[in-house]
Amino acid sequence: MKSSKVMIVEDEALVAMMVEDMLGDLGCEIAGSFGAVDDALAWLGSGDPTPDGAVLDVNIGGEMVFPVAEALREQGVPFVFATGYGDLPRKGFESIEVIAKPINVGALRKAVDGFQSGEEQDA
Amino acid sequence: MLNLASRDDVGQSDTDLMTLIETIEALSATRTISEVAEVVRKAARKVSGADGIAFVLRDQGQCWYFDEDAIGPLWKGKRFPLTACISGWAMLNRQTVIIPDIYKDDRIPHDAYRPTFVKGLVMTPVRMEDPVAAIGAYWAEEHVPAPEIVKKLQVIARATASALESGRLHDSLVDARHHGTFLLQELDHRVKNTLAIVQSISRQTLRASHSPEAFAEVFENRILALSQAHELLTRRAWGRAQLHDILDKALAPFSTDLTDRFDIVGPAVTFSAETSVSVHMTLHELAVNAAKHGALSTPEGRVVLRWTVDEAATPPMLTLAWREVDGPPVAGKPERRGFGVSMIERGLARDLGGKATLDFTPQGVVYTLRAPLSQRMSLAA
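Chains as they are written, first to last, in our numbering: chain A, 1 to 123; chain B, 1 to 381.
No lab work stands behind these hints, which were simulated from the structure alone. A couple of the hints might just be wrong.
Said to hold, decoys possible - Stretch by stretch, here's where chain A covers chain B in the computed footprint (C-beta under 8 Å, at least three residues):
| no. | segment |
| --- | --- |
| 1 | 196-210 |
| 2 | 288-298 |
As the list claims (entries may be wrong) - Keeping only pairs whose Cα atoms sit at most 20 Å apart, straight-line, the calculated DMTMM-like set for lysine to aspartate or glutamate is:
| no. | chain 1 | residue 1 | chain 2 | residue 2 |
| --- | --- | --- | --- | --- |
| 3 | B | 192 | A | 20 |
| 4 | B | 355 | A | 39 |
| 5 | B | 355 | A | 20 |
| 6 | A | 5 | A | 21 |
| 7 | B | 292 | B | 213 |
| 8 | A | 5 | A | 52 |
| 9 | B | 76 | B | 129 |
| 10 | B | 76 | B | 16 |
| 11 | B | 292 | B | 220 |
| 12 | B | 292 | B | 359 |
| 13 | B | 46 | B | 16 |
| 14 | B | 192 | A | 63 |
| 15 | B | 192 | A | 97 |
| 16 | B | 42 | B | 148 |
| 17 | B | 76 | B | 14 |
| 18 | A | 91 | A | 113 |
| 19 | B | 119 | B | 142 |
| 20 | B | 355 | A | 38 |
Claimed, not checked - Among chain B residues calculated to face chain A with C-beta under 10 Å, some are:
| no. | residue |
| --- | --- |
| 21 | 188 |
| 22 | 189 |
| 23 | 191 |
| 24 | 192 |
| 25 | 193 |
| 26 | 223 |
| 27 | 226 |
| 28 | 272 |
| 29 | 282 |
| 30 | 333 |
| 31 | 335 |
| 32 | 339 |
| 33 | 343 |
| 34 | 374 |
| 35 | 379 |
Yeah, the Cβ is synthetic: ideal placement off N, Cα and C, and Gly gets one too.
One chain only, chain A, in its complex shape (with noise of 0.2 Å):
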């Protein structure tokens, strides 16, 4: 099975170390990580080969995360969100899943497993 290249979108540094560590340890290569969500956006709008699917942390400094779900969704990339909020109203993503923080690995796993079948995680 090919490696995916997963995006991710994490303001906390340490987290965001960790869980392009998990990913690694996943057999994923990192497409990119970002701590701002000007900064995923640029990158996604660059014309750069498309992620295989996405991380992404929902609050990120005080910025919601929507507009790179929304970017994503438009490319047809699958992603999963990573949030401390055990339940925030996520209106038009009602069906992404949801990994807790702090991260098991074996949801990462899943949500990986699902970029890597190609499964449309936005159903």
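Take the given structure of chain A and dock chain B to it, following the hints.
Quick look at chain B alone, frame taken from chain A:
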């Protein structure tokens, strides 16, 4: 006849007593001002036998005719200055007023009464010591109410006062409960985020540790640094933290006298709560490395810390340098790139959208950070 009459009297006063008790019970079950008004206007009319009742609220400098129950329209919904109506007079003077014929009393604004049926009235304040409302009873004929009627109106006014108090108490309890729930949710979020950071530290410290002992030492120091970063945040109510304050806290474990080992010069810069944790952890890792292999591992070594902000740039740019001097000669870049070095090179730069470099020059380690000012990092006002 006499017996019959007195039995009738007893029957009537029993009925009135029951009305009063029912009124008090009904008032104690009210939760809103409208419910209070509903009970008051009906009960007051029943016990007084008046042709009309008005329930008046004191709203800052005005009397607000909030509700009424009468044979003809009074002033429901209207507001008058406290000084220009009799309910205002009763509230300001903290006393019940009885006016048998309003047209013979100067305190009455006669023009306001002319369109109404009112000829005689009783007005009694609610909460006598500091009135918040008043109950008015009106008669279409000149009328002197019996003293027990006035007394019953005053009983209703007292019950109304306690109903308004408990309604307010209820409102404040509901508010407090909502606020408490919000705080708990926020706390839950922050605890989970912090646990995710602890998870990250433990995982990556474990990866670089040769033994459980080595893990324990490094991990505990990192958790202590994280704890101090939080202490600073809590002290500032999760607001912005000053770089100078973060330096004081983060470097304290490495020198009994900070000025002895650290030469720090830079303008006052503040960080958002989340970013200040990264700043703290980055400084901790730099100091740990310096204490282990660098300038802080010898008595002579020092760290020169300088930062400036180029305000002419768009956006303004911060350049910060941590330069170790007078330490042992540096052999070069370590072969293994551990978590500490990753944190130094990537953590803060990533948070701030800038670039950081870590150079192992023969004279000592040099860490340089260049990052634009933003909401996450700004010059102190």
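Quick rundown of the hints versus the structure:
Coverage of a stretch by a chain is defined here by at least three residues with a beta carbon nearer than 8 Å to that chain's beta carbons; for the segment 196-210 of chain B and chain A the count is 9, and the condition holds. Counting residues of the segment 288-298 of chain B whose CB falls under 8 Å from any CB of chain A gives 0; the rule of at least 3 is not met. Between the alpha carbons of residue 192 (chain B) and residue 20 (chain A) the distance comes to roughly 19 Å, so the proposed pair stays at or under 20 Å and holds. Taking the CA atoms of residue 355 (chain B) and residue 39 (chain A), the gap is about 14 Å. The hint holds against a cut of 20 Å.
At roughly 19 Å between alpha-carbon atoms, residue 355 (chain B) and residue 20 (chain A) fall within 20 Å of each other, so this suggested pair holds. Note on residue 5 (chain A) and residue 21 (chain A): the hinted pairing holds, with a Cα-Cα distance of about 13 Å set against a maximum of 20 Å. Taking the CA atoms of residue 292 (chain B) and residue 213 (chain B), the gap is about 16 Å. The hint holds against a cut of 20 Å. Simply put, residue 5 (chain A) and residue 52 (chain A) have alpha-carbon atoms about 5 Å apart, close enough for the 20 Å limit, and the pair holds.
For a cut-off of 20 Å, the pair hint linking residue 76 (chain B) to residue 129 (chain B) is broken: about 26 Å separates their Cα positions. With a C-alpha separation of about 27 Å, the suggested pair residue 76 (chain B) and residue 16 (chain B) falls outside the 20 Å cut-off, and the hint is violated. Note on residue 292 (chain B) and residue 220 (chain B): the hinted pairing holds, with a Cα-Cα distance of about 16 Å set against a maximum of 20 Å. With a C-alpha separation of about 16 Å, the suggested pairing of residue 292 (chain B) with residue 359 (chain B) holds against the 20 Å cut-off.
Straight-line distance between C-alpha atoms of residue 46 (chain B) and residue 16 (chain B) comes to about 8 Å, which keeps the hinted pair within the 20 Å bound. A C-alpha spacing of about 18 Å is found between residue 192 (chain B) and residue 63 (chain A), which places the hinted pair at or below 20 Å, so the restraint holds. Proposed proximity of residue 192 (chain B) and residue 97 (chain A) is supported: the alpha carbons are some 18 Å apart, at most 20 Å. Restraint check for residue 42 (chain B) and residue 148 (chain B): the C-alpha separation of about 18 Å stays at or below 20 Å, so the hint holds.
Restraint check: the Cα-Cα separation between residue 76 (chain B) and residue 14 (chain B) comes to about 32 Å, which exceeds 20 Å; the hinted pair is violated. At most 20 Å may separate the alpha-carbon atoms for a hinted pair to count; residue 91 (chain A) and residue 113 (chain A) exceed this at roughly 25 Å. Taking the CA atoms of residue 119 (chain B) and residue 142 (chain B), the gap is near 5 Å; set against the 20 Å cutoff, the hint holds. Between residue 355 (chain B) and residue 38 (chain A), the direct Cα distance comes to roughly 17 Å. Compliance with the 20 Å bound is thereby established for this hinted pair.
About 7 Å separates the beta-carbon of residue 188 (chain B) from the nearest beta-carbon of chain A, less than 10 Å, and the hint is met. At its closest, the beta carbon of residue 189 (chain B) sits 5 Å from a beta carbon of chain A; the interface hint therefore holds under the 10 Å criterion. For residue 191 (chain B), the suggested interface contact is upheld, since its CB lies about 8 Å from the closest CB of chain A, less than 10 Å. Annotation: residue 192 (chain B) was flagged as interfacial toward chain A, and the flag holds, the nearest CB pair being 3 Å apart, inside 10 Å.
At its closest, the beta carbon of residue 193 (chain B) sits 5 Å from a beta carbon of chain A; the interface hint therefore holds under the 10 Å criterion. Proximity of residue 223 (chain B) to chain A is violated relative to the hint, the smallest CB-CB distance being about 12 Å (cut-off 10 Å). Proximity of residue 226 (chain B) to chain A holds as hinted, the smallest CB-CB distance being about 9 Å (cut-off 10 Å). A hinted interface residue such as residue 272 (chain B) counts as satisfied when its beta carbon comes closer than 10 Å to some beta carbon of chain A; here the least separation is about 7 Å, so the hint holds.
The criterion of a C-beta within 10 Å of any C-beta in chain A is met by residue 282 (chain B), whose closest approach is roughly 9 Å, and the hint holds. Interface restraint check for residue 333 (chain B): the shortest CB-CB distance to chain A comes to about 19 Å, outside 10 Å, so the restraint is violated. Because the smallest distance between the Cβ of residue 335 (chain B) and any Cβ of chain A comes to about 19 Å, over 10 Å, the interface hint for this residue is violated. At a threshold of 10 Å, the smallest CB-CB gap from residue 339 (chain B) to chain A is about 8 Å, leaving the interface hint in force.
With a least beta-carbon distance of about 7 Å to chain A, the hint placing residue 343 (chain B) at the interface is held under the 10 Å criterion. Using the Cβ-Cβ criterion of 10 Å, the hint placing residue 374 (chain B) at the interface with chain A is satisfied: the shortest such distance is roughly 9 Å. The criterion of a C-beta within 10 Å of any C-beta in chain A is not met by residue 379 (chain B), whose closest approach is roughly 18 Å, and the hint is violated.
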